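Enquirer: Here is what each chain is made of, one letter per residue.
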Amino acid sequence: MKLFLHDLIALIKKDLSIEKHTREIFLVMLIFALSILFILNFALDTEVKARSSGAAGLIWVILVISGQLSLNQIMNLEKQGNMLEALLAAPISRTAIYFSKAITCFLGMYGMALVIFPLYSIFYNTPLNSAHILWISALGCWGYAALGVLISAMTIQTRMRDILLPILFFPVIIPLIVAAVKSTGAIFQGETIGTAMPWISQLIAFNVIFTAIGMISFEYIVEE
Amino acid sequence: MSKTGTPAAPLLLAQNVQKKFGRRKVLKSASLQLTPGECVILTGENGAGKSTLIKILAGIIQADAADTLTLCGEPFPESAAQRQKIGLVSHQPMLYNELSAWENLRFFAEIYAVPNADERIRSLLQRIGMESRKDDPVRTYSRGMQQRVSICRAILHDPELLLMDEPFTGLDTKSVQILETMIREGKNDQKAILITTHDPMAARQLATRFLRLEKGQLVSQEFEL
Numbered sequence: 539m540k541l542f543l544h545d546l547i548a549l550i551k552k553d554l555s556i557e558k559h560t561r562e563i564f565l566v567m568l569i570f571a572l573s574i575l576f577i578l579n580f581a582l583d584t585e586v587k588a589r590s591s592g593a594a595g596l597i598w599v600i601l602v603i604s605g606q607l608s609l610n611q612i613m614n615l616e617k618q619g620n621m622l623e624a625l626l627a628a629p630i631s632r633t634a635i636y637f638s639k640a641i642t643c644f645l646g647m648y649g650m651a652l653v654i655f656p657l658y659s660i661f662y663n664t665p666l667n668s669a670h671i672l673w674i675s676a677l678g679c680w681g682y683a684a685l686g687v688l689i690s691a692m693t694i695q696t697r698m699r700d701i702l703l704p705i706l707f708f709p710v711i712i713p714l715i716v717a718a719v720k721s722t723g724a725i726f727q728g729e730t731i732g733t734a735m736p737w738i739s740q741l742i743a744f745n746v747i748f749t750a751i752g753m754i755s756f757e758y759i760v761e762e
Numbered sequence: 008m009s010k011t012g013t014p015a016a017p018l019l020l021a022q023n024v025q026k027k028f029g030r031r032k033v034l035k036s037a038s039l040q041l042t043p044g045e046c047v048i049l050t051g052e053n054g055a056g057k058s059t060l061i062k063i064l065a066g067i068i069q070a071d072a073a074d075t076l077t078l079c080g081e082p083f084p085e086s087a088a089q090r091q092k093i094g095l096v097s098h099q100p101m102l103y104n105e106l107s108a109w110e111n112l113r114f115f116a117e118i119y120a121v122p123n124a125d126e127r128i129r130s131l132l133q134r135i136g137m138e139s140r141k142d143d144p145v146r147t148y149s150r151g152m153q154q155r156v157s158i159c160r161a162i163l164h165d166p167e168l169l170l171m172d173e174p175f176t177g178l179d180t181k182s183v184q185i186l187e188t189m190i191r192e193g194k195n196d197q198k199a200i201l202i203t204t205h206d207p208m209a210a211r212q213l214a215t216r217f218l219r220l221e222k223g224q225l226v227s228q229e230f231e232l
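Protein chains in written order, with this note's numbering: chain A, 539 to 762; chain B, 8 to 232.
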């Protein structure tokens, strides 16, 4: 376990170090997300109540689409120069590689959520007055990263990877996004956490299932 | 043969290794044995399966079947601990373009748990004449320089078995000299070395034995040295 954590930390540090040099993941996601936020300002109803009801859906659409940019980039790092083969030949478990990629993707997406939620609130005068948003969005972002990295690993070896990723990924991610939107929406509208619990349970179930599938199947996906 | 005259125990033993991609059987029954201090040159036409065999031995892909696959007498390469004993040089540098040579080697030193990593990296970079460029991103290096750093990456953890897939491809004279010196040192240090190449003459002075991959099987080949 100690060795696993040591390798995991080394892999994450390496990804963050590359990001520090290139700024190709977080900055791209941020610019993209802010652009959509700005466009929506003109497209949406100006009435505060109407905006509040649709806020959760819009924020998650922004996160999902900008998150896909990070997925492409995170796996592409290992595609260049045969780095995935260098990692597979190293004395580290495939599960550590999987978790490092999922955690890097999660950090990017959750960081984005921490920027987008308050920005949306300020731009659109929508009250976001519950700390529950923090952990609900963390659950949504982790599920997205856990499944996204798995599908990105499948498509990275293909010629049409940029097209294949959204085609394969978005249909499977629908239950997670619906649960994230519904639970976030309930919190936005001032309902109790108990009201959102069925959706939060779905989020947790999705996270557990796809994290387990990722841990088991990542090895076979990258070796083929 | 060992110094006492008894045959040296094989460091690497692979028997009846099989691998197919789709319907195409790339390796039908490849058997190979490497003893410490040996440098075996593996030749074969393009697409013969040389790289596939290297990938199987390095643990990158799994064989469909194999009667025996042992390194130092223990099964490999599925075991992560056993992969610690293997160094891999590919025709691609296997370095992160955006990181410097130092950062790349520091990362690999960490995942290979290399003791006194900074000192080891410094001495290797000095040997390949890259100390002055160690902080520049790898993408700014020439092909030869990248390959020299790649060789450092492969020997950083002092592996018992060195696998080299077309290591001479695209190298300048200086890089070829450095690579040859390192292979000679590896032989002297009783490492086992397997080099694939489509041009056996390129490394003929280094070889202790030649093998050829033909129709998915390994056969001995003789060259006049």
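Hints listed in this document are in silico derivations from the structure and should not be mistaken for laboratory results.
Hints may contain errors.
Unchecked claim - Derived lysine-lysine pairs resembling DSS-like cross-links, with alpha carbons at most 30 Å apart:
(1) K617/A x K551/A
(2) K617/A x K558/A
(3) K35/B x K181/B
(4) K181/B x K540/A
(5) K32/B x K617/A
(6) K27/B x K181/B
(7) K617/A x K35/B
(8) K181/B x K617/A
(9) K27/B x K551/A
(10) K720/A x K617/A
(11) K558/A x K540/A
(12) K181/B x K551/A
(13) K181/B x K194/B
(14) K181/B x K32/B
(15) K141/B x K194/B
(16) K558/A x K222/B
Since the model is a prediction, treat every value here as computed from it, not as a measurement.
Enquirer: For each hint given before, does the structure comply? Return the numbers of the non-compliant ones in rising order.
Expert: Hints 3, 4, 6, 9, 10, 12, 14, 16 not satisfied by this model.
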